[in-house]
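Peer 1: Chains as they are written, first to last, in our numbering: chain A, 1 to 229; chain B, 1 to 327.
Calculated from the structure, these hints are not laboratory results. A few of these clues could be false.
[Said to hold, decoys possible] What follows is a set of in silico ranges between Cβ atoms, one per label pair, in the way DEER data are often shown:
id: 1; chain 1: B; residue 1: V114; chain 2: A; residue 2: D125; range: 34 to 42 Å
id: 2; chain 1: B; residue 1: P164; chain 2: A; residue 2: A68; range: 44 to 52 Å
id: 3; chain 1: B; residue 1: A302; chain 2: A; residue 2: P163; range: 53 to 61 Å
id: 4; chain 1: B; residue 1: L304; chain 2: A; residue 2: R175; range: 35 to 43 Å
id: 5; chain 1: A; residue 1: G181; chain 2: B; residue 2: F310; range: 53 to 61 Å
id: 6; chain 1: A; residue 1: K192; chain 2: B; residue 2: M130; range: 53 to 61 Å
id: 7; chain 1: A; residue 1: A111; chain 2: B; residue 2: I303; range: 31 to 39 Å
id: 8; chain 1: B; residue 1: G306; chain 2: A; residue 2: D125; range: 50 to 58 Å
id: 9; chain 1: B; residue 1: P89; chain 2: A; residue 2: D66; range: 43 to 51 Å
id: 10; chain 1: A; residue 1: E28; chain 2: B; residue 2: I92; range: 54 to 62 Å
id: 11; chain 1: A; residue 1: D224; chain 2: B; residue 2: G125; range: 46 to 54 Å
id: 12; chain 1: A; residue 1: N38; chain 2: B; residue 2: G125; range: 29 to 37 Å
[What the hints assert, rightly or not] In silico negatives: residues of chain B with every beta carbon more than 10 Å from chain A:
id: 13; residue: I6
id: 14; residue: Q23
id: 15; residue: F29
id: 16; residue: V112
id: 17; residue: V114
id: 18; residue: D153
id: 19; residue: G165
id: 20; residue: F187
id: 21; residue: H194
id: 22; residue: L199
id: 23; residue: I211
id: 24; residue: G217
id: 25; residue: G291
id: 26; residue: L304
Don't be surprised by glycine CBs; every beta carbon is placed ideally from N, CA and C.
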Amino acid sequence: MSLLKLSHISAFYGPSQALFDVHLSLEEGQVLALMGRNGMGKSTTVKVICRMLKNRGGSIMFDGRDMARLKSFQAAKSGIGLVPEGRRCFSNLTVHENLIAASRPGEWDFAAVARLFPRLEERRDQLAASLSGGEQQMLAVGRALMTNPRLLILDEATEGLAPVVRQEIWAAIARLKAETGMAILVIDKSLKELGTVADTAVIVEKGVSVWHGDFGDLTPEVTDKYLGV
Amino acid sequence: MKRETILNAALLLILLAIPLWAQSADEPFIITLTTRAVIFAIAGVGLNFALGFGGLVSFGHAAFFGIGGYAMGILAYHAQTYTPLMEWPFVIEGTKSMPVIWLVAIITSAIVAVALGALSLRTSGVYFIMITLAFAQMFFFFTISWPTYGGEDGLSIYIRNDFPGLNTMDPIQFYAICYVILLLVLFFVYRAAHSPFGLALSAARQNEDRIQAIGQGPYRLYLTAYVISGAITGLAGALFADLNRFVSPTMFSWQTSGEIMIFVILGGVGRVFGPVAGAALFILLEHQLGGLSEFWHIYLGAILLGVVLFARGGLFGFIAGREVAHD
Chain A
1 MSLLKLSHIS AFYGPSQALF DVHLSLEEGQ VLALMGRNGM GKSTTVKVIC
51 RMLKNRGGSI MFDGRDMARL KSFQAAKSGI GLVPEGRRCF SNLTVHENLI
101 AASRPGEWDF AAVARLFPRL EERRDQLAAS LSGGEQQMLA VGRALMTNPR
151 LLILDEATEG LAPVVRQEIW AAIARLKAET GMAILVIDKS LKELGTVADT
201 AVIVEKGVSV WHGDFGDLTP EVTDKYLGV
Chain B
1 MKRETILNAA LLLILLAIPL WAQSADEPFI ITLTTRAVIF AIAGVGLNFA
51 LGFGGLVSFG HAAFFGIGGY AMGILAYHAQ TYTPLMEWPF VIEGTKSMPV
101 IWLVAIITSA IVAVALGALS LRTSGVYFIM ITLAFAQMFF FFTISWPTYG
151 GEDGLSIYIR NDFPGLNTMD PIQFYAICYV ILLLVLFFVY RAAHSPFGLA
201 LSAARQNEDR IQAIGQGPYR LYLTAYVISG AITGLAGALF ADLNRFVSPT
251 MFSWQTSGEI MIFVILGGVG RVFGPVAGAA LFILLEHQLG GLSEFWHIYL
301 GAILLGVVLF ARGGLFGFIA GREVAHD
């Protein structure tokens, strides 16, 4: 049984329809790459999964449970950890406090996050606002892990970061996949890096999921057609 | 050591030194004045938990201050008149025991805070301010028209309540009780502010959507903070009533809510020790400026304007800088 299953999802921002017919399915322990050009509905799909935006049509099942009536904090409580686009750490809290504020019982605690990102241990008592972009991103990933999720969603996790920092983030994602068996949904523009971690892929075009399959089955024709600029 | 830690320690030492000096100099009035400052500080620390950490601008905390006061007044009144508080379905007697009165004040304030918070927190911004003010005014007008407990004239208690092993009529001993309670409240608030709950509350103040993304419902966080805040302010109300041996509807008035808010703003919103500094400064100004003119509130208003315009972190922010919002 799929851990996460979206069927025929449609969603609106006010009167404007953003999603028309999105399907995706993610198994436990799998990494799924959600791809598409800018403005095609990737982040909107994530918002719907996290219940920040209610879908008007279709169904979302997570761990066998219908998510339709859940509020966003209930979705997070049920085991969905989100690393939002733009990091969005709590700037008025320190690194340690950002992580403790999110903590829920489980194997992920401050020590475990610090093992994954040793830099956070070094910056432990620094305000989040004073961190570099890369460190804020590590903090955002760590904060999502502190909720001990079964599904981790990374929305543009490496956007705008220096190449060295990007490598650190991708290495951390690879470690999470190898060592925890956590299901991960990644949105990113870098096909090369996605290829190192993703098992399956879904491409969204104008609010419709137009391609899905194993990541290895992505052909140059498909990427040119749906992802080329 | 951080400047703020030094400031905290200095503040506690000053609040300890003044009454000790006053005792040796045979100045009981100064002890009573400092006791007032400490009790107001407790009320301010209570409001600060909701306002400073949760961003809940409650303009009705006099409701809890008054409930704490009336919890003391009613229990002590029935004890001194040897009449039961109620006879059916079971008998409840009055009491002169401070610990019991404090417990009743805390529980009653907390229960009322659950009810008021559950309704008020469905609003936000200016509506939240107005609804909390409206609830406090409801209590104010109710007590005015409640003849059983003195109505508009209030209720006098002839003897101060008892605390095991202490002579509570001795100003310095009653001060010691209030000072220890302030320390306990500060310790509790400090621990709560640094717990996962307190940090999530501070985070929710910054961004409610983001806090939901990590599995925390803002409503539950705010309600818990409001209840804790109300319970602490209720305890302060019980102590204030014991200090004056008198309760009246004034404890519920919007001026009282305003004064408690002034302690927080003067000292520093969101700083654990901020309201302590604010209450101490308020009492100092009241004492010094009050001697100069009966219109001393004009000067207080000017100072408050200065703080809001030029020192938004209050006294603490001005001296210790803006380090961590809730520290």
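Peer 1: Give a verdict on every hint.
Peer 2: Status of each hint after checking the structure:
For the pair B/V114 and A/D125, the supplied restraint of 34 to 42 Å holds, since their beta-carbon distance comes to about 35 Å. The beta-carbon spacing between B/P164 and A/A68, approximately 58 Å, falls outside the hinted interval of 44 to 52 Å. Distance hint check for B/A302 and A/P163: the Cβ-Cβ separation is about 57 Å, which falls inside the suggested range of 53 to 61 Å. Under the hint 35 to 43 Å, the C-beta atoms of B/L304 and A/R175, about 54 Å apart, miss the expected range.
One distance hint, 53 to 61 Å for the beta-carbon pair A/G181 and B/F310, holds here, with the actual separation near 56 Å. With their beta carbons about 57 Å apart, A/K192 and B/M130 fall inside the hinted range of 53 to 61 Å. For the hinted restraint 31 to 39 Å between A/A111 and B/I303, the CB-CB distance of approximately 48 Å leaves it violated. A C-beta distance of roughly 32 Å is found between B/G306 and A/D125, which places it outside the suggested range of 50 to 58 Å.
For the pair B/P89 and A/D66, the supplied restraint of 43 to 51 Å holds, since their beta-carbon distance comes to about 46 Å. For the hinted restraint 54 to 62 Å between A/E28 and B/I92, the CB-CB distance of approximately 58 Å keeps it satisfied. Our hint of 46 to 54 Å for A/D224 and B/G125 holds, since their Cβ atoms are close to 51 Å apart. Between A/N38 and B/G125 the beta carbons are some 35 Å apart, a value that agrees with the proposed interval 29 to 37 Å.
For B/I6, the requirement that its beta carbon stay farther than 10 Å from each beta carbon of chain A is met, with the minimum near 18 Å. Separation of B/Q23 from chain A is adequate, the least Cβ-Cβ distance of about 41 Å exceeding the 10 Å criterion. Residue placement check: B/F29 keeps its beta carbon more than 10 Å from all beta carbons of chain A (closest about 42 Å). The Cβ of B/V112 lies farther than 10 Å from every Cβ of chain A, with a closest approach of about 27 Å, so its non-interface assignment holds.
At roughly 20 Å from the closest C-beta of chain A, the C-beta of B/V114 stays outside 10 Å, upholding its exclusion from the interface. The Cβ of B/D153 sits about 47 Å from the closest Cβ of chain A, beyond the 10 Å cut-off, so the non-interface label holds. Even its closest Cβ contact with chain A, about 40 Å, leaves B/G165 beyond 10 Å, as expected for a residue assigned away from the interface. With a closest Cβ-Cβ approach of about 19 Å to chain A, B/F187 is found to remain outside the 10 Å limit, as its non-interface label requires.
In this structure B/H194 is not separated from chain A by more than 10 Å, as the shortest Cβ-Cβ distance comes to only about 8 Å. For B/L199, the shortest C-beta to C-beta distance to chain A comes to about 4 Å, within the 10 Å cut-off, and the non-interface label is violated. For B/I211, the non-interface assignment is contradicted: its Cβ lies about 8 Å from the closest Cβ of chain A, within the 10 Å cut-off. Some Cβ of chain A comes within 10 Å of the Cβ of B/G217; the nearest lies about 4 Å off, and the non-interface call is violated.
With a least beta-carbon separation of about 41 Å from chain A, B/G291 lies farther than 10 Å from that chain, consistent with its non-interface assignment. Distance check for B/L304 against chain A: the nearest CB is about 24 Å away, which clears 10 Å, and the non-interface claim stands.
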